[in-house]
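K.L.:
Chain by chain, the residues run as shown.
2 protein chains.
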Amino acid sequence: MKGKLEQLKNLLHEIHDLAAASAVLDWDQQVNMPRGAAEDRGEQSATLSRIVHDKSTSDELGDLLNELTAMTQNVDADSDDARLVKVAKRKYEKNTKVSGDWVATFAKETAVAQSTWEQARAKDDFELFRPHLEKLVDLRRQYAEFFKPYTHVYDPLLDDFEPGMKTAEVQEIFTALKKEQVDLIHQISQQPQVDNRFLFLHYDGDGQIAFGKKVITDFGYDWNRGRQDISVHPFTTGFGLNDIRITTKIVPDFLNPCIFGTFHECGHALYEQGIAQKYNRTALADGASMAIHESQSRMWENLVGRSMAFWKRYYKDLQEIFPSQLGNIDVETFYKGINKVESSLIRIEADEATYNLHIMLRLEMEIGLMEGSIQAKDAAEVWKEKFKEYLGIVPPNNKEGVLQDVHWSSGLFGYFPTYALGNLVSSQLWETMLKDNPDVEKQIETGNFSQLLGWYREHIHQYGAKYEPQELVLKVTGQKINAASFMRYLKSKFGEIYNL
Amino acid sequence: MKGKLEQLKNLLHEIHDLAAASAVLDWDQQVNMPRGAAEDRGEQSATLSRIVHDKSTSDELGDLLNELTAMTQNVDADSDDARLVKVAKRKYEKNTKVSGDWVATFAKETAVAQSTWEQARAKDDFELFRPHLEKLVDLRRQYAEFFKPYTHVYDPLLDDFEPGMKTAEVQEIFTALKKEQVDLIHQISQQPQVDNRFLFLHYDGDGQIAFGKKVITDFGYDWNRGRQDISVHPFTTGFGLNDIRITTKIVPDFLNPCIFGTFHECGHALYEQGIAQKYNRTALADGASMAIHESQSRMWENLVGRSMAFWKRYYKDLQEIFPSQLGNIDVETFYKGINKVESSLIRIEADEATYNLHIMLRLEMEIGLMEGSIQAKDAAEVWKEKFKEYLGIVPPNNKEGVLQDVHWSSGLFGYFPTYALGNLVSSQLWETMLKDNPDVEKQIETGNFSQLLGWYREHIHQYGAKYEPQELVLKVTGQKINAASFMRYLKSKFGEIYNL
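Protein chains in written order, with the numbering used here: chain X, 1 to 500; chain P, 1001 to 1500.
Hints should not be assumed to be uniformly reliable.
[Stated by the list, open to error] Now the in silico label distances, taken between C-beta atoms and shown as ranges:
# : chain 1 : residue 1 : chain 2 : residue 2 : range
1 : P       : 1253      : X       : 214       : 25 to 33 Å
2 : X       : 471       : P       : 1231      : 39 to 47 Å
3 : X       : 131       : P       : 1451      : 26 to 34 Å
4 : P       : 1053      : X       : 115       : 34 to 42 Å
5 : P       : 1128      : X       : 441       : 28 to 36 Å
6 : P       : 1114      : X       : 115       : 32 to 40 Å
[What the hints assert, rightly or not] Taking lysine-lysine pairs in the DSBU-like style, the calculated list, with each CA pair at most 30 Å apart, reads:
#  : chain 1 : residue 1 : chain 2 : residue 2
7  : P       : 1108      : X       : 9
8  : X       : 55        : P       : 1214
9  : X       : 249       : P       : 1214
10 : P       : 1108      : X       : 4
11 : P       : 1094      : X       : 108
12 : P       : 1091      : X       : 2
13 : X       : 55        : P       : 1108
14 : X       : 179       : P       : 1091
15 : P       : 1094      : X       : 55
16 : X       : 399       : X       : 388
[Claimed, not checked] Examples of chain P residues lying across from chain X (beta carbon under 7 Å, computed):
#  : residue
17 : 1036
18 : 1048
19 : 1078
20 : 1220
21 : 1224
22 : 1228
23 : 1231
24 : 1242
25 : 1431
26 : 1439
27 : 1442
Because the hints were derived from the structure by calculation, they are not lab data.
Note that CB positions come from ideal geometry on N, CA and C, so glycine has one too.
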């Protein structure tokens, strides 16, 4: 078996090296590339993707995985070797079950749909985008067929981002959450609003970056294995486990995007920098799922970065950089301002308390579209109805409604719930971590994050993609993913801020 | 034939896309990559190189090239199609004639030799490097054997950088040059020396970069298809014809490296930016040879960048950026200072008049080592003797002698002469260009380079790698590569500066 495992690792190394090269090309495109290079870069990326796909679906790899699956029946199912074979086989099957024709059609259709969506959004014209949405929903239903038998037509889509997770589980979690969260927002809306106008003054970009850098250095971001750059859309990417880069965007007259975005991306990066080196260049050198990844980014952004303990330590540093903007704002006012809750139209600008409602609306619509209980042609109207139901307001147009996100135009269905699941998981893990480290809040007040990071390294990061998300959360917290911790967190934090 | 040509182009596109990806990885490594990523990046680059090599030596490509070679017998030998087949076949044969064993041994040996050379240079210890030099000379002689029959054992090495050029031709050229050039240096050394101390003041890095950017923008560098970054060793690289990037280094207390280095790299980049788009992603999307490439970089660096006409226009801009350093230095003094001639130890710091002597010494040694008339064990002593002969001084140690260049430790033999040939070609082309554009000097005085660049675009750049270097120079100037123009240039320019 040892020889076969070596063979497998060699094949995976090659695939991962090529995927890393592809990721470097993509990073460069978003951070550095001159505009005139776009077409050539498209060809280069397509060539690399084709080779990665060929190697990821080769008979050689398939045969080897079958042999090794049989061989690993007799070894500890939780051993690294058995898990590597399992995860690699799962990916292989995902890659090979889908027909080449479907992949080609999907690539063509999403390319057109995405550029049409851009126009449709600019013109606020849902009808322009409608035929593409219909086509993509249809393609995604065809996609699900490749994975028959399934319990729910949405299962195969969800499974692409949350390995092993089922639609019924997600629905149960969000059903339990929905009423409580809507009630909380309603209560908050009855209270006097906090002031956050000081966040919208002019903040020099260099100062924003300097503050973010200082903080994430303290968090534990390893600059020897990463770097930070500026890009239009912030993201985290990695080329192997020793080069995990983040990007940030600067909005000169709004403080939040750069600093909280930096914390957020750093959270993703800390996860990947913490994966055990022994998994490098294999299928295990990845996060467990999108939700687990998001639990880490949200944790540093919100549970740490929007906490009073954090700002007790760092507010004076921020005031020093921006004395004219923040010199007269005390830390309590600042804390309340960055935690202002309000029903707003745009998901990516939503606060912690309303964010999940934006997701639940999308999840219901995705499930409805896939089931056929919602028609793509009705999507704009259904959006408005559901928005009213969840957030109490009706979007005045479609560009701030059904057309706001890029996801559907890129054919991404099943991705949205991972954002909300990430919020829930972040609170579940945090409660467990607090039991092991009751002093963590005091440590944060002194800018000491080593025990905090150490806990996540030990319980989450090191395992990479070894465990499925539900399995990992159960192993660490003793419970499957659920909304209880998150609701406790919201009620406690915002109850205090809004005197509920 | 049309179908077969399409097939060929598709194969070449794939190879060139992968080579471009590899070049992006290399650029990123030198410009951005965090240190901790070195090992993983090495694996990624090796994986890509292996795939590029496999595809460049595939039977599919070989068979296709054979078929097309037969087919193109009946078409114009100078047509793009016939030339593409010829150049691609040439490369294919180069790649397939060398055994895989040799390539693997050579890769291993150069890796060790290069790190040993770094230590040897630091310790000024030739004996430490000697066994590796012996081994590499031996490997390069084995390499030549793959290309038997040859007229001279050095021919196959030279041919890697100067397609079609023979050792005898290079020797003839340099023999003609040697006496004249040594005489000139001797005459200059008898004259009063010019002052260039003002070049060694503190020059702020941002100011150096700003000046360089302004100038190369005027030269015609297309920022929409390129960018400039900082790296330890300046270089030019390209990923397809629409993304040609340059790098620059800043030395805070010496003005020359950044500004003349920027002109130099820009010259390489202008060449590649000027290659006809129809050749993109094929074997013709490259310079004709290293010497032709160097003729372009040296032209912008020296014939333009170190000319009086240029500084008549740009000196006031430089003075404005550095008033305290240059405010009291007039343009004549500045011009003489940047053109100071002196025998010095280090090739890369040599001036225009002595540079070729550094090369001729290396060429003689390389030929001697390959022929066996010089033994690797004697290299340090031979170096000193020849240095005395060429430049009139004896290096006081080996780190400023035989150990100064990285080339031999990387197994690069046959590369050095291209630097000097580039100088010669730059003058030959310049004289021809002047006949077509007698007003070019006046245009330079006004910062107008469009006719100048246009001439090189038309006569050199657009053709890419279509013609061999001798062929191209003959086609454009009516003569093969020779030293006459260059000696006329040196005597005229330095005769004036040094009152000969």
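K.L.:
So, for every hint listed, does it hold in this structure?
P.N.:
Outcome of the hint check:
1. P:1253 with X:214: 25 to 33 Å: holds, 31 Å
2. X:471 with P:1231: 39 to 47 Å: Given about 46 Å between the Cβ atoms, the range holds.
3. X:131 with P:1451: 26 to 34 Å: For residue 131 (chain X) and residue 1451 (chain P) the Cβ distance comes to about 53 Å; the hint is violated.
4. P:1053 with X:115: 34 to 42 Å: holds, 37 Å
5. P:1128 with X:441: 28 to 36 Å: Check failed, 57 Å falls outside 28 to 36 Å.
6. P:1114 with X:115: 32 to 40 Å: violated, 48 Å
7. P:1108 with X:9: Holds, at about 23 Å.
8. X:55 with P:1214: Violated. Residue 55 (chain X) to residue 1214 (chain P) sits at ~47 Å, over the 30 Å cutoff.
9. X:249 with P:1214: holds, 28 Å
10. P:1108 with X:4: Given that 30 Å is the threshold and the Cα spacing comes to 27 Å, the pair holds.
11. P:1094 with X:108: With a Cα-Cα distance of about 39 Å, the restraint between residue 1094 (chain P) and residue 108 (chain X) is violated, given a limit of 30 Å.
12. P:1091 with X:2: With Cα atoms ~40 Å apart, residue 1091 (chain P) and residue 2 (chain X) exceed 30 Å; violated.
13. X:55 with P:1108: holds, 27 Å
14. X:179 with P:1091: Outside the cut-off at roughly 69 Å; violated.
15. P:1094 with X:55: Distance of about 28 Å is within 30 Å: holds.
16. X:399 with X:388: holds, 16 Å
17. 1036: holds, 4 Å
18. 1048: holds, 6 Å
19. 1078: violated, 27 Å
20. 1220: violated, 14 Å
21. 1224: holds, 4 Å
22. 1228: Violated, about 11 Å.
23. 1231: Result: violated, 13 Å to nearest chain X Cβ.
24. 1242: Where the cut-off is 7 Å and the nearest Cβ of chain X is about 5 Å from residue 1242 (chain P), the hint holds.
25. 1431: Result: violated, 33 Å to nearest chain X Cβ.
26. 1439: With Cβ-Cβ at 31 Å, over 7 Å, it is violated.
27. 1442: The hint is violated - residue 1442 (chain P) has no Cβ within 7 Å of chain X, the shortest such distance being about 32 Å.
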